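Colleague: What the sequence shown shows, in numbering that gives the first Met the number 0, is residues 0 to 74, in sequence order.
Be careful, since some hints might not be right.
Ranges between beta-carbon positions, derived for each pair [claimed, not checked]:
id : residue 1 : residue 2 : range
1  : L51       : W13       : 25 to 35 angstroms
2  : N64       : R24       : 57 to 67 angstroms
3  : V49       : L69       : 25 to 35 angstroms
4  : K22       : G59       : 51 to 61 angstroms
5  : I39       : V17       : 47 to 57 angstroms
6  : K56       : R16       : 51 to 61 angstroms
7  : V43       : G67       : 28 to 38 angstroms
8  : R26       : N64       : 58 to 68 angstroms
9  : A21       : F62       : 56 to 66 angstroms
10 : G60       : V34       : 55 to 65 angstroms
11 : G52       : V12       : 49 to 59 angstroms
12 : R24       : L54       : 42 to 52 angstroms
13 : A18       : V43       : 48 to 58 angstroms
14 : S9        : G50       : 36 to 46 angstroms
Simulated from the structure, these hints should not be mistaken for laboratory data. All values derive from a computational prediction rather than experimental measurement. Just so you know, even glycine gets a beta-carbon here, dropped at the ideal spot from N, CA and C.
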Amino acid sequence: MDKIKDGIVSLTVWSGRVAYLAKRRLRDESGQGLVEYGLIIGLVAIAAIVGLGLLGKGLGGIFQNISGTLTTSGS
Numbered sequence: 000m001d002k003i004k005d006g007i008v009s010l011t012v013w014s015g016r017v018a019y020l021a022k023r024r025l026r027d028e029s030g031q032g033l034v035e036y037g038l039i040i041g042l043v044a045i046a047a048i049v050g051l052g053l054l055g056k057g058l059g060g061i062f063q064n065i066s067g068t069l070t071t072s073g074s
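When you get a sec, could you build the whole thing from the sequences and use the hints?
Modeller: As structure tokens, then:
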């Protein structure tokens, strides 16, 4: 019976330590700024890629029109 009580006490102490360490780890915000900057950079990169993809087709058509106009006016 004493072994069971000792096991329960040690389990209670162990779970208390785990809970304390988890709370302390959740309160630690030292890496939070770095993660936020990484997310912002990622979102800006995705927006730039999508924007250039959408504008690229339109800009290609504009440059073809300019090229065609310059070619016909030079003749």
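Colleague: Hints first: check each against the structure and report whether it holds.
Modeller: Hints versus structure:
A beta carbon spacing of about 55 angstroms between L51 and W13 contradicts the range 25 to 35 angstroms that was offered as a hint. At about 60 angstroms, the beta-carbon gap between N64 and R24 stays in the expected band of 57 to 67 angstroms. The hinted window of 25 to 35 angstroms between V49 and L69 holds, with their beta carbons roughly 31 angstroms apart. Judged by the Cβ atoms, the range 51 to 61 angstroms given for K22 and G59 holds: they are separated by roughly 56 angstroms.
For the pair I39 and V17, the beta carbons lie near 34 angstroms from each other, so the given range of 47 to 57 angstroms is not met. Evaluation of the 51 to 61 angstroms hint for K56 and R16 yields a pass: the beta carbon distance comes to about 60 angstroms. Taking the beta carbon of each, V43 and G67 are about 35 angstroms apart, inside 28 to 38 angstroms as hinted. Between R26 and N64 the beta carbon distance is about 60 angstroms. The supplied range of 58 to 68 angstroms therefore holds.
The supplied range of 56 to 66 angstroms is met by A21 and F62, whose beta-carbon atoms lie about 58 angstroms from each other. Between G60 and V34 the beta carbon distance is about 41 angstroms. The supplied range of 55 to 65 angstroms is therefore violated. The given range of 49 to 59 angstroms is respected by G52 and V12, whose C-beta atoms sit roughly 58 angstroms from each other. Range check, R24 to L54: Cβ separation about 44 angstroms, and the 42 to 52 angstroms hint holds.
The hinted window of 48 to 58 angstroms between A18 and V43 is violated, with their beta carbons roughly 39 angstroms apart. Between S9 and G50, the C-beta spacing of about 59 angstroms breaks the proposed range 36 to 46 angstroms.
The structure fails to meet hints 1, 5, 10, 13, 14 from the earlier list, while all remaining hints are met.
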